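Letter by letter, the chains look like this.
4 protein chains.
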Amino acid sequence: MNLPEIDDTYAEAFKTKAAHLLITAATKKLAYIAATEATGFGTSFIGCPAEAGINQYIPPEKTPDNRPGYSIIICQNKTAQVETQLLERIGQCVLTAATTSVFNLLPESDKQTNLGFKLAFFADGYQEKIEKYGKTMYKIPVMSGDFLIEENFGITDAVAGGNLFIMAKTQQSALIAAEAAVNAIEEIPGVITPFPGGIVASGSKVGSKKYEFMHATTNEEYCPTLKNKIPNSKLSDDTNGVYEIVFDGLTEESVIKATKTAIEAIKTIPDVQKISAGNYGGNLGKYKIKLID
Amino acid sequence: MNLPEIDDTYAEAFKTKAAHLLITAATKKLAYIAATEATGFGTSFIGCPAEAGINQYIPPEKTPDNRPGYSIIICQNKTAQVETQLLERIGQCVLTAATTSVFNLLPESDKQTNLGFKLAFFADGYQEKIEKYGKTMYKIPVMSGDFLIEENFGITDAVAGGNLFIMAKTQQSALIAAEAAVNAIEEIPGVITPFPGGIVASGSKVGSKKYEFMHATTNEEYCPTLKNKIPNSKLSDDTNGVYEIVFDGLTEESVIKATKTAIEAIKTIPDVQKISAGNYGGNLGKYKIKLID
Amino acid sequence: MNLPEIDDTYAEAFKTKAAHLLITAATKKLAYIAATEATGFGTSFIGCPAEAGINQYIPPEKTPDNRPGYSIIICQNKTAQVETQLLERIGQCVLTAATTSVFNLLPESDKQTNLGFKLAFFADGYQEKIEKYGKTMYKIPVMSGDFLIEENFGITDAVAGGNLFIMAKTQQSALIAAEAAVNAIEEIPGVITPFPGGIVASGSKVGSKKYEFMHATTNEEYCPTLKNKIPNSKLSDDTNGVYEIVFDGLTEESVIKATKTAIEAIKTIPDVQKISAGNYGGNLGKYKIKLID
Amino acid sequence: MNLPEIDDTYAEAFKTKAAHLLITAATKKLAYIAATEATGFGTSFIGCPAEAGINQYIPPEKTPDNRPGYSIIICQNKTAQVETQLLERIGQCVLTAATTSVFNLLPESDKQTNLGFKLAFFADGYQEKIEKYGKTMYKIPVMSGDFLIEENFGITDAVAGGNLFIMAKTQQSALIAAEAAVNAIEEIPGVITPFPGGIVASGSKVGSKKYEFMHATTNEEYCPTLKNKIPNSKLSDDTNGVYEIVFDGLTEESVIKATKTAIEAIKTIPDVQKISAGNYGGNLGKYKIKLID
Numbered sequence: 001m002n003l004p005e006i007d008d009t010y011a012e013a014f015k016t017k018a019a020h021l022l023i024t025a026a027t028k029k030l031a032y033i034a035a036t037e038a039t040g041f042g043t044s045f046i047g048c049p050a051e052a053g054i055n056q057y058i059p060p061e062k063t064p065d066n067r068p069g070y071s072i073i074i075c076q077n078k079t080a081q082v083e084t085q086l087l088e089r090i091g092q093c094v095l096t097a098a099t100t101s102v103f104n105l106l107p108e109s110d111k112q113t114n115l116g117f118k119l120a121f122f123a124d125g126y127q128e129k130i131e132k133y134g135k136t137m138y139k140i141p142v143m144s145g146d147f148l149i150e151e152n153f154g155i156t157d158a159v160a161g162g163n164l165f166i167m168a169k170t171q172q173s174a175l176i177a178a179e180a181a182v183n184a185i186e187e188i189p190g191v192i193t194p195f196p197g198g199i200v201a202s203g204s205k206v207g208s209k210k211y212e213f214m215h216a217t218t219n220e221e222y223c224p225t226l227k228n229k230i231p232n233s234k235l236s237d238d239t240n241g242v243y244e245i246v247f248d249g250l251t252e253e254s255v256i257k258a259t260k261t262a263i264e265a266i267k268t269i270p271d272v273q274k275i276s277a278g279n280y281g282g283n284l285g286k287y288k289i290k291l292i293d
Numbered sequence: 001m002n003l004p005e006i007d008d009t010y011a012e013a014f015k016t017k018a019a020h021l022l023i024t025a026a027t028k029k030l031a032y033i034a035a036t037e038a039t040g041f042g043t044s045f046i047g048c049p050a051e052a053g054i055n056q057y058i059p060p061e062k063t064p065d066n067r068p069g070y071s072i073i074i075c076q077n078k079t080a081q082v083e084t085q086l087l088e089r090i091g092q093c094v095l096t097a098a099t100t101s102v103f104n105l106l107p108e109s110d111k112q113t114n115l116g117f118k119l120a121f122f123a124d125g126y127q128e129k130i131e132k133y134g135k136t137m138y139k140i141p142v143m144s145g146d147f148l149i150e151e152n153f154g155i156t157d158a159v160a161g162g163n164l165f166i167m168a169k170t171q172q173s174a175l176i177a178a179e180a181a182v183n184a185i186e187e188i189p190g191v192i193t194p195f196p197g198g199i200v201a202s203g204s205k206v207g208s209k210k211y212e213f214m215h216a217t218t219n220e221e222y223c224p225t226l227k228n229k230i231p232n233s234k235l236s237d238d239t240n241g242v243y244e245i246v247f248d249g250l251t252e253e254s255v256i257k258a259t260k261t262a263i264e265a266i267k268t269i270p271d272v273q274k275i276s277a278g279n280y281g282g283n284l285g286k287y288k289i290k291l292i293d
Numbered sequence: 001m002n003l004p005e006i007d008d009t010y011a012e013a014f015k016t017k018a019a020h021l022l023i024t025a026a027t028k029k030l031a032y033i034a035a036t037e038a039t040g041f042g043t044s045f046i047g048c049p050a051e052a053g054i055n056q057y058i059p060p061e062k063t064p065d066n067r068p069g070y071s072i073i074i075c076q077n078k079t080a081q082v083e084t085q086l087l088e089r090i091g092q093c094v095l096t097a098a099t100t101s102v103f104n105l106l107p108e109s110d111k112q113t114n115l116g117f118k119l120a121f122f123a124d125g126y127q128e129k130i131e132k133y134g135k136t137m138y139k140i141p142v143m144s145g146d147f148l149i150e151e152n153f154g155i156t157d158a159v160a161g162g163n164l165f166i167m168a169k170t171q172q173s174a175l176i177a178a179e180a181a182v183n184a185i186e187e188i189p190g191v192i193t194p195f196p197g198g199i200v201a202s203g204s205k206v207g208s209k210k211y212e213f214m215h216a217t218t219n220e221e222y223c224p225t226l227k228n229k230i231p232n233s234k235l236s237d238d239t240n241g242v243y244e245i246v247f248d249g250l251t252e253e254s255v256i257k258a259t260k261t262a263i264e265a266i267k268t269i270p271d272v273q274k275i276s277a278g279n280y281g282g283n284l285g286k287y288k289i290k291l292i293d
Numbered sequence: 001m002n003l004p005e006i007d008d009t010y011a012e013a014f015k016t017k018a019a020h021l022l023i024t025a026a027t028k029k030l031a032y033i034a035a036t037e038a039t040g041f042g043t044s045f046i047g048c049p050a051e052a053g054i055n056q057y058i059p060p061e062k063t064p065d066n067r068p069g070y071s072i073i074i075c076q077n078k079t080a081q082v083e084t085q086l087l088e089r090i091g092q093c094v095l096t097a098a099t100t101s102v103f104n105l106l107p108e109s110d111k112q113t114n115l116g117f118k119l120a121f122f123a124d125g126y127q128e129k130i131e132k133y134g135k136t137m138y139k140i141p142v143m144s145g146d147f148l149i150e151e152n153f154g155i156t157d158a159v160a161g162g163n164l165f166i167m168a169k170t171q172q173s174a175l176i177a178a179e180a181a182v183n184a185i186e187e188i189p190g191v192i193t194p195f196p197g198g199i200v201a202s203g204s205k206v207g208s209k210k211y212e213f214m215h216a217t218t219n220e221e222y223c224p225t226l227k228n229k230i231p232n233s234k235l236s237d238d239t240n241g242v243y244e245i246v247f248d249g250l251t252e253e254s255v256i257k258a259t260k261t262a263i264e265a266i267k268t269i270p271d272v273q274k275i276s277a278g279n280y281g282g283n284l285g286k287y288k289i290k291l292i293d
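In order, the protein sequence lines correspond to chains F, U, W and Y. Each residue of the first sequence is one higher than the one before, counting from 1 in my numbering. Each residue of the second sequence is one higher than the one before, counting from 1 in my numbering. Each residue of the third sequence is one higher than the one before, counting from 1 in my numbering. Each residue of the fourth sequence is one higher than the one before, counting from 1 in my numbering.
No false leads were mixed into what you were given.
Where chains are identical, the list cannot tell them apart; a pair therefore holds if satisfied intra-copy or between any two copies.
Cross-link-like lysine-lysine pairs, in silico, DSS-like; alpha carbons within 25 Å at most:
| hint | residue 1 | residue 2 |
| --- | --- | --- |
| 1 | K139 | K229 |
| 2 | K205 | K290 |
| 3 | K257 | K62 |
| 4 | K129 | K209 |
It should be emphasised that the hints constitute simulated quantities derived from the structure, not laboratory data. If you're wondering where the values come from, they're calculated on a predicted model, not measured in any experiment.
Isolated chain F, as found in the complex (with noise of 0.2 Å):
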């Protein structure tokens, strides 16, 4: 099997704010569907109310309440925005799960919001404010029972847009590659992939070459489709297939492992031709991660 070659480039990545939480329930299924729910319609700043996604599975013994939980992380901009994004998306994907509790994965950040606080008045003043599992909590009854949240959750800062592009010989082998990648980034504490099963199928450029009130559009160089319509394709001849997998990540070092990480998984797949990265010269994103160590 031949390996594929390594582009010596960089991925360019952005800061952000981000929260990171637990959300437990009865049985892991029950914490899945929590977890899926409150992330969805969250893979991009350009036209999602977030960037959301799984972080991790954390098995009963390492949670605070004993039962199996699902940690996420939600990331925007500014951290009011944020704010909304958690209130929201605990308030109506969370609290009306079955059987969920939510915890704070971030409890020594200096930026705490009081989101069970405010939560809380869901209960219409028959909320408590409790001490439980070491921890203040807002009991809230509900139907099903009493939902449990920690009063404060951290808010800190981020790492969007860690990206590799895997070039094959067909769509298919691109694909499975970028599955492999997933699932090796998947075991990255504090590193979600936003976009749907976190594969990007239509990786873009920064605005458009004709449409000046687009934000972003195809990033045609990297079309196979394209490839023999226009002057500057990237693509070599025998390139079928490009996917993209994006991550977002809690530090810098989470984003770089991610990178190296997905790097090895790639590399398990067969006819991957060559693994790339998108940047914009380096000019927009703090951070550039590259490649080739």
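Keeping the supplied structure of chain F fixed, place chains U, W and Y upon it in accordance with the hints.
Then chains U, W and Y, alone, in the frame of chain F:
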């Protein structure tokens, strides 16, 4: 097995606007991933940008492109809001998803929005309007190949807020009865259950008795842990869990069918005591969906 | 997209015996768990106790007890072997599974085996023969409640060994085409794809050229990594992956339909080069399922 | 929430033999499909060819080939039976599964069986013995590429029949508590829960009071629907559901840890009344796993 009592009441449902789309992909799993992302963060108008959900799996034999697909429904109060949600949710969560195409399931609606035309600007001039599958489609070159989407998508009047309350001896009996009800509803064409897993753990009343700024608060009369603390609990001594299911349908008939089918499903679960529904005295919603005939 | 060439050949299929059962449960997920366990370790007669698989999801509206269910098919060469497999698989994997009931989907078969009567001895004298759902059932008290199973189960003639070979430019293209084919077949009543995920990675020839004790060995003419090492490879230079799908059906018609439907599904995947099928010169099997009408 | 009473009793467990293998594949999903098929029809020695189950997901960083994998355990009473099960289950359900490789997780066991050597005859002379990943492997050319498997696989003494009984106010409370217990156990290295979904709906006693030919029959003292029909029921008036979980482990320590962890998980579910375990007076099994320290 004792059958549950069925309250002689009705669910009060409301007029809304809805789009009904088909997302196909190379495999069933890929179609599901896209449909899930596109309908996430979509439980309730109160705090979500839309009420959205997967309606049905559509097998390859019944789709225009002979690939597996999922039909989804996206609801908002006004046509313009549905249009915005379509642009954002399909543009961010389906155009970006691996191997997907999108088809209009409401071609006979009077109101048609040219979603495909608009999303095609993403192609930055490389889009093509084509006739395929007997339909007018846009072909948008992307990194993974070509993305295909119909030009127009219908928006129709629909019915939101169909609901049932399930009261049981334990939380878990109510929960599994709710899951059985959701399983039954998901086979009905044109109906979605937008909450996480289709189930509502924290059914609400309109407004608040205590906080003017709250649009919806806990339905304390149905909260088991408040049973002995409030004068007006509607729960009997041995009721310890109440789950609600909420469903939106393209027609009143579909919501009536969902109600009937869900009640039959709930009856198959032991230790359910009563089935009821939420209404507001009949003054707010246009539709009264009776539980008994 | 170039469509694959279809070999003018046929799949050679064989007579077998089969049972067809419905497993229902409180929820769709619980029915799926039972059906999966009961049909596991059931890919091929060569080394498994049976060929077995899930046929279809049967929604609550179409089951006798108004609960979600999965139909399964269990095949063996002789009626007595099917009977043994039923006793073991239903007794060990469905009677033990949460909330299940089991129904006969071949009530009109001439051959009926009294599986329910036999399994009812598990009740150690507490079994009851009852009429329910218009059927003769046994009620077996178990720790979780009562287990219900019909008295008799039909065994019928069936057709094993329907198959297709998918040759593609990369392994991954062949694999996703095989998954698409399985997705299409799983909607056909009375057909199963018994291999893991419905897909065969290691299609075999009958017997061995080298080892007398082997009943089946690798089909070297279709092995991409042997292409340049053997004189008689049937693969072209640019074929790098071949997957097979194998299916068993209750009737020849259902296997013909599966073949046709699978071919249509395979055509939707890019970079598939050829579709063929396995046969043994037509001397071994009763049925010849042609690929081209 | 009232915590359940814990019976001052013990689970009686038995010596068995076990193999412990790692199945890797291109993606997590493909590895799961193979592991599921290979461990199906494997709930109980009483009527299945083995007790088998998935132990854990092993992420790419921790596998020899840097691909996602699942560890599985296959148990039988005697070493020779384990060897037969390995040949059949790995040969039929993993060699045939897409993109898989198989590794030995018991390299330090005294007893090693040359499963890889034997399965390699499938290659009909084209097999190669190679050194890879620091291990001695066989490379078997198949239609989808090459299948890799280690030469030797360890077989070890193990412990079967760890168990807990969960008694609750409703069937559904016992069921969800059992699911929570299984979720907790599945994080423990070296332990499997071989029954469907890890849960036993029909716990049995040894032998029969009425039918000499039965090796195991319903445990009537714990059957809720027999409570008022037999003199010796062990269930209180308000117990309506009992589920059992059964687990096998590679060591007594792992079974003790599973017991402890499962009890903690069960305690998180409301309306569970009592936790007990099955034993036979201590005369049959070598191990007594106490519930209270």
